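Enquirer: Listed below are the residues making up each chain.
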Amino acid sequence: MPQSVLSRARLEALLPTPITDRILEELLFGSKAEVAGAAGDELTISVTPDRLDLLSEGGLGLYLQGVLGVAHGIPKKPPAAGHAKVPSFRVDASVEPIRPAIAGALVRSPDDAGLDAGTLAEAIRVQEILHATVGRDRRAASLGIYPWDVIEPPVRYSLEPLADVAFVPLSEETEVRADRFFTDHPMAERYGALGRVGGRCLVLRDRRGAVLSLPPVLNARAAGEARVGHRELLIEATGREARPVREAVGLLLVVFAARGWSVSPVAVEGPGERRDDGRAVVEPHAVDLPSALVRAVAGDPLPSSEVLRRLARCRLGGHATEAGWRAEAPPWRPDLLGPIDVAEDVYLAAPVAVDAGVVPASRTVGRRRGETLYRRRFAERLIGLGLTAPHTSLFVSSEVVARVGGPEPIRLRNPVSTEFAYLRDRLFLSHLEVLERNTRHGYPQQFGEVGPVIVRAPSAESGGETRYRASLVIASESAGFADVAARVDYLLGDRDVSGVREPAEVPGAIPGRAARLRVAGETVAEMGEVHPRILTELGVPVPVAFAELDLSALWPLVAPRDGP
Amino acid sequence: MAGGEEEPSLGATPVSLSTPERSVLLALRNVEDGPVDEEEIVRRTGLASDQVRGTLQRLRSKHLVEVAEEHLTIRSLTPRGEDSRLRGLPERRFLEAMLRHGGALTAEEASAEGLRDEERSAAIGILRRRGLLADGLPFRLRAPDAAPTGPFPEELVLGQVADGVGEADEAIVTALERRGLVREEHRSRKHWSASEEGRRLTLAPEGEPTLGPLTSSLLASGEWNLRSFRPYDVRAPVPFVTGARPHPYVAWLEQFEEVLVGLGFEQSEGPLLETEFWNNDVLFMPQDHPARSIHDALSVEEVEGHLPPPELLARVAAVHEGRPMPGESEAVGPGWPGRYDPRIASRPVLRSQTTPVSARFLAGHPPPPFRMFSLDRNFRREEVDATHHLEFTQCEGILGEEGISMRHLVGIFRELARAIGIRELKIRPSYFPFTEPSIEGYVQHPQLGWIEVFPGGLFRPEVTRPLGVEVPVIAWGVGVMRLAMVSLGLHDVRDLFLDDLRRLQGGR
Chain F
0 MPQSVLSRAR
10 LEALLPTPIT
20 DRILEELLFG
30 SKAEVAGAAG
40 DELTISVTPD
50 RLDLLSEGGL
60 GLYLQGVLGV
70 AHGIPKKPPA
80 AGHAKVPSFR
90 VDASVEPIRP
100 AIAGALVRSP
110 DDAGLDAGTL
120 AEAIRVQEIL
130 HATVGRDRRA
140 ASLGIYPWDV
150 IEPPVRYSLE
160 PLADVAFVPL
170 SEETEVRADR
180 FFTDHPMAER
190 YGALGRVGGR
200 CLVLRDRRGA
210 VLSLPPVLNA
220 RAAGEARVGH
230 RELLIEATGR
240 EARPVREAVG
250 LLLVVFAARG
260 WSVSPVAVEG
270 PGERRDDGRA
280 VVEPHAVDLP
290 SALVRAVAGD
300 PLPSSEVLRR
310 LARCRLGGHA
320 TEAGWRAEAP
330 PWRPDLLGPI
340 DVAEDVYLAA
350 PVAVDAGVVP
360 ASRTVGRRRG
370 ETLYRRRFAE
380 RLIGLGLTAP
390 HTSLFVSSEV
400 VARVGGPEPI
410 RLRNPVSTEF
420 AYLRDRLFLS
430 HLEVLERNTR
440 HGYPQQFGEV
450 GPVIVRAPSA
460 ESGGETRYRA
470 SLVIASESAG
480 FADVAARVDY
490 LLGDRDVSGV
500 REPAEVPGAI
510 PGRAARLRVA
520 GETVAEMGEV
530 HPRILTELGV
540 PVPVAFAELD
550 LSALWPLVAP
560 RDGP
Chain U
0 MAGGEEEPSL
10 GATPVSLSTP
20 ERSVLLALRN
30 VEDGPVDEEE
40 IVRRTGLASD
50 QVRGTLQRLR
60 SKHLVEVAEE
70 HLTIRSLTPR
80 GEDSRLRGLP
90 ERRFLEAMLR
100 HGGALTAEEA
110 SAEGLRDEER
120 SAAIGILRRR
130 GLLADGLPFR
140 LRAPDAAPTG
150 PFPEELVLGQ
160 VADGVGEADE
170 AIVTALERRG
180 LVREEHRSRK
190 HWSASEEGRR
200 LTLAPEGEPT
210 LGPLTSSLLA
220 SGEWNLRSFR
230 PYDVRAPVPF
240 VTGARPHPYV
250 AWLEQFEEVL
260 VGLGFEQSEG
270 PLLETEFWNN
280 DVLFMPQDHP
290 ARSIHDALSV
300 EEVEGHLPPP
310 ELLARVAAVH
320 EGRPMPGESE
330 AVGPGWPGRY
340 DPRIASRPVL
350 RSQTTPVSAR
360 FLAGHPPPPF
370 RMFSLDRNFR
380 REEVDATHHL
390 EFTQCEGILG
400 EEGISMRHLV
410 GIFRELARAI
420 GIRELKIRPS
430 YFPFTEPSIE
440 GYVQHPQLGW
450 IEVFPGGLFR
460 PEVTRPLGVE
470 VPVIAWGVGV
480 MRLAMVSLGL
490 HDVRDLFLDD
500 LRRLQGGR
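Sequence order for the protein chains is F and U.
Residue numbering for the first sequence follows numbering that gives the first Met the number 0, starting at 0 and increasing by one per position.
Residue numbering for the second sequence follows numbering that gives the first Met the number 0, starting at 0 and increasing by one per position.
Each statement offered as a hint is correct.
Label pairs and their computed distance ranges (CB to CB):
{"#": "1", "chain 1": "F", "residue 1": "R206", "chain 2": "U", "residue 2": "E382", "range": "49 to 57 Å"}
{"#": "2", "chain 1": "F", "residue 1": "G479", "chain 2": "U", "residue 2": "S215", "range": "19 to 27 Å"}
{"#": "3", "chain 1": "U", "residue 1": "G179", "chain 2": "F", "residue 2": "P443", "range": "50 to 58 Å"}
{"#": "4", "chain 1": "F", "residue 1": "R362", "chain 2": "U", "residue 2": "G326", "range": "26 to 34 Å"}
{"#": "5", "chain 1": "U", "residue 1": "H288", "chain 2": "F", "residue 2": "V66", "range": "25 to 33 Å"}
{"#": "6", "chain 1": "F", "residue 1": "R412", "chain 2": "U", "residue 2": "H288", "range": "16 to 24 Å"}
{"#": "7", "chain 1": "U", "residue 1": "H288", "chain 2": "F", "residue 2": "T19", "range": "34 to 42 Å"}
{"#": "8", "chain 1": "F", "residue 1": "E536", "chain 2": "U", "residue 2": "S120", "range": "55 to 63 Å"}
{"#": "9", "chain 1": "U", "residue 1": "I450", "chain 2": "F", "residue 2": "E272", "range": "52 to 60 Å"}
{"#": "10", "chain 1": "U", "residue 1": "G467", "chain 2": "F", "residue 2": "R439", "range": "52 to 60 Å"}
Hints listed in this document are in silico derivations from the structure and should not be mistaken for laboratory results.
Being a predicted model, the structure only gives us computed values, none of them experimental.
All C-beta atoms in this analysis are idealised placements derived from N, C-alpha and C, irrespective of residue type, glycine included.
Here chain F stands alone, though its shape is the one from the complex (with noise of 0.2 Å):
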């Protein structure tokens, strides 16, 4: 789950008291973001991936007014002001194949104090989530923010030959230039791909030809950084889609809105002669909720007030239609995708009564899969025979594969060790590592599993197929086998299927004292004695007989008898 530490002093002014820790964590139970950790000014909180804007201090102090009941429906807009400067971006169609979406806003301190610390500090926290985030580590998306008095628009977004750009990067104070960057900035080496085609980068510049940023890897210093005192910022995204691009900016602004800062549209004008006034990016967006589909989440009807009521309560706006009501979503709710999406809101804006809920008269017959109950049987014969029931993983160890040879089973790409590396495609060599982890123990030792192994099936649709398999392991001074043969014979027999043993080489086993079992052409065991290499290896000081069914072969044998 996302998770941000967050200024409990910078909340609680958002709040009309200070709140202790545990009715917080009660007021977030009923949210989507919880209390991770709690020390003196830091506050941990982690949210669901759908809840980014309760990460920010703003838009946890949004929610939690209007939980509190001091503030409802989406924050009042403050009027906006005019601008000297109309903002807006030119987009150039060489950034058209690498990542041609953009959309910015232009937010304005409520009084002349402007930009404080603590505001900042959050914008750039938030920054960097939503870069992690919706911004798939920038490929998606990527923030920035700048001051913007210093910016003469319209702000230009081209390809632009490296030869050609040179800029003082963030927090450097000599000039380089592109090509150099691209070869020597650590954060270039990190996202230079994202911006940089051939010989050409990204770069946003003003009318003026100062550059603000290297989209998406780093802004400039002179026009590219925000500090505390600045009045009006603009905020950019750029990106390969509109809607990841959209979302940041929206997402971003929550941080200004529950402050009070105004917020303007940033008009988006070309390649040629598209253009668009940037207004969906900053203003909210309207979802139809039909009376119905609250009725079928909810399971009753909510009363009309009840369901404005709980809108404003999650600081949504909204009014009743003819089918329902039409909500309205600020830009830091791009979670709001549709009527279920709205709908959830609602229903969940109140507590879940428990005992409301009721468990519905069930007009279904209950049962198990004939092939599970089938499977189960076996299980229950092994216990029978007196064989102790392990219950083991599907992976197992390189180490036991490369001792048992054979056809490789299927290989994990990303495994987390050797010890969980391979599928297993017999249970065999899962048991093979229990041996070895009772070799402490005396013998005779004997037990056997029912449980599945994926073999390779290069037809079936995931290229594996899950069979599953009963497995019977017998180790003492007298193990041999004639003891697991037996055995089969008995469990087949125990299904009235008889088979017919012949003679083969099984990986593991002692050539010549190996065995497969056909029942009608079929083969559906495997049986043998282990090796004694492998028996020195494991430090098994006893011989071991192994016999290894294969329940999926034998299943369509005797599912018409053992079918429900």
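Place chain U on chain F using the hints.
Expert: Relative to the frame of chain F, chain U by itself:
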């Protein structure tokens, strides 16, 4: 059955022992002046000492003889000790050489007198500690008449140790041990005697044949009726035998299934190795979702997957891209950013949740009402520790029919909690890409407090519509491992994969 050993009996019934046992026991019964050692028994029975030793152990296990152990400390001179006894201790030889040289001695003169360097050093140290030597060189007596007249105490003790007589001064013995002149060995000597049982035992006459194990030939011949059976030692150790029982975790899972079957749910199952289509796409998980990355999902090498039926693929692709599905005029929803990539859809991946089983079930167009559950293994790329494992069990359940709502999901949660003995339940909002609303049920556990156990919700239309399902479907995926750990009293998730045979035989 027993280990084949004879069981002597008390009282009038004559019992039979093996010939050596009989000989040794009789020899000990005949001893009148107390316990004897093995050598004496050898002498009295004429048996080999090895045979006597083994026989004594068997008789002891039958409680017919007793043993008293005597611990001895044996001191002797080391080769250097023997040398000092013959030629004199180094300090004695140094003193005598000094006297021969008129009361003063140089190092060279000491060497010429046969004192090795280490002997000279030891001698000088001892004589100085005793105040006999003056400071400075050459070495001189502190006073002309300082030389002792009698033997040193060490010389007396060396003699006592060598001869094995007298009470040696322990402090001097210890000092001589430290100088490597005396050594000490600890031995024990066993003294055997017949026990009370051994003395009272009535022995069968020698040579009377008895029967060992009952055999089929004895039964057939009737010979068992002509001779007595040799009794077994019922107290002798027996081979280790255990029973088998179901694995406790597997048994717990089967019990949990009962609850769902009782609520009218039908079991379903799906492949453990899935394609990304069934594991994610059909569940409306965006193709660039972080949980699908190589850091979270387990993928496999050198295996190629295939796409689902083209009609289904087209419907799911349309939903992801926010387009109307083929044959429809309106999109189900706005979809996700980016183009849907079928190459991702066909990639094999280990199932990371049981929800693909639900999707496959729904794709089979079950007629409503339907209830399905699947309790099975799933896999995530986790480091293995006390609370995490690559493999975890989830219980997936879905219920679809007209009029089904979140109230019913809460009701199911409450019923499941009640079935495992938990009364307190509370619900909070949650998030899953495939359900909306999404909730999480927390239960109150006496030791762990509130723990999240029941995640679930109402399947999004983006999930049900492409699969052709028109009724609302509630779904949940219970993390049963945690419940099982609580129920079985386990604190380490690895214990659910218990394969310690001894522990499994003993129960939990």
